[in-house]
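Participant: Starting from the known structure of chain X, arrange chain A on it as the hints suggest.
Here is what each chain is made of, one letter per residue.
Number of protein chains: 2
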Amino acid sequence: MATTDQQLHTYERDAELRARAASVLPGGMYGHQSAARLPDGFPQFFARGEGSHIWDVDGNEYIDYMCSYGPIVLGHRHPSVERAVAAQAADGDCFNAPTERIVELAELMTGLIGHGDWAWFAKNGSDATRFALQVARAHTGKNTAIRGEHAYHGWGSTWMGAATGMTPSATDFQLTYTYNDLESVRAAAVEAGDDLAAVVVSAVEYDASGSWTAPDQAFVRGVRDLCDATGAVLVLDDVRAGFRLDLGGSWASYGVEPDISAYCKAIANGYPLSAVVAKRELEEAASRFFATGSYWFSGVAMAASIATITTLQETDGVAQIKRAGTMLREGLNLQAQSHGIAIKQAGPVQVPSVRFVGDDLAKMDIPRAMMFTGEAAKRGVYLHPTHNWFLSAAHRDEDIEHTLAVTDVAFARVKEAFGDA
Amino acid sequence: MATTDQQLHTYERDAELRARAASVLPGGMYGHQSAARLPDGFPQFFARGEGSHIWDVDGNEYIDYMCSYGPIVLGHRHPSVERAVAAQAADGDCFNAPTERIVELAELMTGLIGHGDWAWFAKNGSDATRFALQVARAHTGKNTAIRGEHAYHGWGSTWMGAATGMTPSATDFQLTYTYNDLESVRAAAVEAGDDLAAVVVSAVEYDASGSWTAPDQAFVRGVRDLCDATGAVLVLDDVRAGFRLDLGGSWASYGVEPDISAYCKAIANGYPLSAVVAKRELEEAASRFFATGSYWFSGVAMAASIATITTLQETDGVAQIKRAGTMLREGLNLQAQSHGIAIKQAGPVQVPSVRFVGDDLAKMDIPRAMMFTGEAAKRGVYLHPTHNWFLSAAHRDEDIEHTLAVTDVAFARVKEAFGDA
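Respectively, the protein sequence lines represent chains X and A.
If you read the first sequence in our numbering, its first letter stands for residue 1, the second for the next number, and so on.
If you read the second sequence in our numbering, its first letter stands for residue 1001, the second for the next number, and so on.
Careful, some of the hints might be misleading.
Unchecked claim - Residues of chain X placed beyond 12 Å of chain A at every Cβ, according to the derived structure:
| id | residue |
| --- | --- |
| 1 | VAL190 |
| 2 | ARG221 |
| 3 | ALA319 |
| 4 | GLN337 |
| 5 | GLY340 |
Stated by the list, open to error - Computed spacing ranges between beta-carbons, pair by pair:
| id | chain 1 | residue 1 | chain 2 | residue 2 | range |
| --- | --- | --- | --- | --- | --- |
| 6 | X | GLN345 | A | GLY1027 | 43 to 49 Å |
| 7 | A | GLY1027 | X | ALA417 | 55 to 61 Å |
| 8 | X | GLY255 | A | ASP1040 | 46 to 52 Å |
| 9 | X | MET364 | A | ASP1194 | 34 to 40 Å |
| 10 | A | SER1253 | X | THR10 | 44 to 50 Å |
| 11 | A | ALA1417 | X | GLU191 | 57 to 63 Å |
| 12 | A | ARG1037 | X | GLY141 | 52 to 58 Å |
| 13 | A | GLU1398 | X | GLU16 | 45 to 51 Å |
| 14 | X | ASP365 | A | GLU1281 | 30 to 36 Å |
| 15 | A | GLY1141 | X | ASP397 | 54 to 60 Å |
As the list claims (entries may be wrong) - Simulated coverage check for chain A against chain X, where a stretch passes if three residues somewhere in it have a Cβ under 8 Å from a Cβ of chain X:
| id | region |
| --- | --- |
| 16 | 1015-1025 |
| 17 | 1030-1038 |
| 18 | 1261-1274 |
| 19 | 1295-1305 |
Bear in mind the hints are in silico, worked out from the structure with no lab data behind them.
Values in this document were obtained by computation on a predicted structure and should not be read as measured data.
We put the CB at the ideal spot given by N, CA and C, even for glycine.
Looking at chain X on its own, in the form it has when it is part of the complex (with noise of 0.2 Å):
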């Protein structure tokens, strides 16, 4: 990898493929993973991945702090999860009926998660979010559901109320709280009268305007509580923390349970799958509706989850991601002090988040983050200007090590660029 000008990546053939998207794709590229809106030495197509490294189609190396927005915990091509999907491709993956693997892995979620008696599984981390809501709903016989305030729990008319293509209704017997403001969960529940069917969560605050930061302690208590006080169910949205900061839950560090939880990302190390958890007695209301895909049982995902999971026990993973990002943050602390430049680093380390203090995210108004995630893609380190980085277990001490001496090269950029932040 490049942290010389000398050796700066290329991407010409990232550049002929983008030519032939623009012609098949919508916008040349749609969702999270369109580069339109990232700088210049962030590629729009990867080759390949091994461990904490990834190469593009032009054969560029990077250490990947994305971890491929949340899914890769153990890093790419893990050893174990290759080894149980072998296996399980070996006799096949999607049947007219599940495979053991999902018998197996239930279990095994229910005995790791506090709250969870029973769990299902799906494709989509929306998937598991709409459904809990729709049990919560099932359970209660309420409609109310209340939630972050711009909070992300997914895409579609369950959640995105004033996007482009939805109906007015989408988000009816929806209403809004400001993460870890108690208050305003206890104004909205009282909004929402005898109502009430959910209070939604986030294991930690992610919303549009990019803050993102841990729950305290008075919050996920205060939450608890009011849904006891209530009969609301308390939905705790897992899908983008899950299993990188408690295998218990996110939320069980603060001795708090939630009454049904959403998982999807790192429950399987890249292999497509979601699941919920829940008590005991919301199983009912579960079992009372309908709700299925085409691939939801298929057992290659749930045999690479087994095996992610599984490891992650075995080795201590989440220690090891800590670690890891520890290093990073602090690496990055000492250095931005030494160029001179302020930043704010949010957010538990293993999905850490980086702001400029001198640009405005909530504006999009984030020349420092752009030139500083563009330098660094350029010399092999990938980041993000905007969204929280994530952290893996393959991290090793010379990936941040190497990584810190490119960090250093960009922030001596925005120190030119812009002088003191």
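Facilitator: Same frame as chain X, now just chain A:
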């Protein structure tokens, strides 16, 4: 496989797993793959598949006429597909951006499907139908969609208004018509007035009452003309029939192109993928909103899809499927006649529907179908009592012959129990 009562299947391992599943899965199993409403003889858990044959966890072998409810179009573990999957998986699957496969697959599909100028990919069939409707609404700036009365377009609040746990507003802005009844479509369009965004059609009629019929030419032509006259978007749900009836789209043989189509199931021979293809004029609308998922850009399922579609092209797979389906249909008709049992076969032979005239599917009073399919399952032929069946290109003449030997016994049992149907 068994055809005599001395060799009937046993299901010990399946029973053990069902007992474990009862503790950790809602209702013991959920969704379309729950065996709870199937007769004895249907296992809840499968272990392996090869070509047109599948084996359950007790080692019982079946000729598979459900093909995983559609996805398996070339047969289980088809060598061309498995080779493409292995090659892609050796490099990796899920990255921070797509692989080249997304461009290749979009080029392949848009080259094959008349109205396909661009393509979009997700994981569930319902992702594709929901996205198509969102595109239609974004393009027209209108809200109302008209759809088949009891049509199934996937799980979730976009389509399932009256379902348990859904809010009263879930399917606001939807009106219904009766399939193959053009006047009812016109009446709904009049009711929609100047708010008509989309006419949503299934490739073949499929509704909850079990009706399953190919559309007639006047209906297909008529909905196209109505959309042309009103500016509504014609949305074809080709999830269930796509790539089994016609590689150019299931309405291509009618000389009619929809504006946008949703695909899933047969698109990747069991690997998790869904897709939308549409006309150029809808691209701008599709580029104007955010729709995404954690695994939507993964390379393995796209590699599987390229291999699946290419193999279907190169081997004239549709003709093979049709040949096997025709042989089965004709054999069953002769057999039913010779037993003096009245059956009604409907739908294209690739996705056939078989009903006993004495049963009432709308009321789920179906003792003949339950006995028939249960007796067949115990003897190694996996049919379904209520759902349409699916043939694949792996079904050989000897499969159909063996199947007919088994169904002969099953028809005899029905005759013994119910006399003249």
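Participant: Work down the list of hints and note, for each, if the structure agrees.
Facilitator: Each hint tested on the structure:
For X:VAL190, the shortest C-beta to C-beta distance to chain A comes to about 20 Å, beyond the 12 Å cut-off, and the non-interface label holds. Taking the minimum C-beta to C-beta distance to chain A, about 28 Å, the non-interface status of X:ARG221 holds against the 12 Å cut. X:ALA319, annotated as away from the interface, keeps every beta carbon of chain A farther than 12 Å; the closest lies near 24 Å. With 12 Å as the threshold on Cβ separation, the claim that X:GLN337 sits away from chain A holds: the shortest Cβ distance comes to roughly 29 Å.
X:GLY340, annotated as away from the interface, keeps every beta carbon of chain A farther than 12 Å; the closest lies near 31 Å. Against the hinted window of 43 to 49 Å, the Cβ-Cβ separation of X:GLN345 and A:GLY1027 comes to about 45 Å, which satisfies the hint. About 60 Å separates the C-beta atoms of A:GLY1027 and X:ALA417, a value consistent with the hinted range of 55 to 61 Å. Between X:GLY255 and A:ASP1040 the beta carbon distance is about 47 Å. The supplied range of 46 to 52 Å therefore holds.
About 36 Å separates the C-beta atoms of X:MET364 and A:ASP1194, a value consistent with the hinted range of 34 to 40 Å. Judged by the Cβ atoms, the range 44 to 50 Å given for A:SER1253 and X:THR10 holds: they are separated by roughly 48 Å. Under the hint 57 to 63 Å, the C-beta atoms of A:ALA1417 and X:GLU191, about 60 Å apart, fit the expected range. Between A:ARG1037 and X:GLY141 the Cβ separation comes to about 25 Å, which falls outside the hinted range of 52 to 58 Å.
At about 48 Å, the beta-carbon gap between A:GLU1398 and X:GLU16 stays in the expected band of 45 to 51 Å. Judged by the Cβ atoms, the range 30 to 36 Å given for X:ASP365 and A:GLU1281 holds: they are separated by roughly 34 Å. The given range of 54 to 60 Å is respected by A:GLY1141 and X:ASP397, whose C-beta atoms sit roughly 55 Å from each other. For a cut-off of 8 Å, the count of residues in the region 1015-1025 of chain A with a CB near a CB of chain X stands at 6, and the three-residue condition holds.
With 5 residues having a Cβ less than 8 Å from any Cβ of chain X, the region 1030-1038 of chain A passes the three-residue criterion, so the hint holds. For the region 1261-1274 of chain A, the stated coverage by chain X holds: 6 residues have a C-beta nearer than 8 Å to a C-beta of that chain, and at least 3 were required. Evaluation of the coverage hint for the region 1295-1305 of chain A: fulfilled, as 5 residues show C-beta separations to chain X shorter than 8 Å, against a requirement of three.
Of the numbered hints given earlier, the model fails hint 12 alone.
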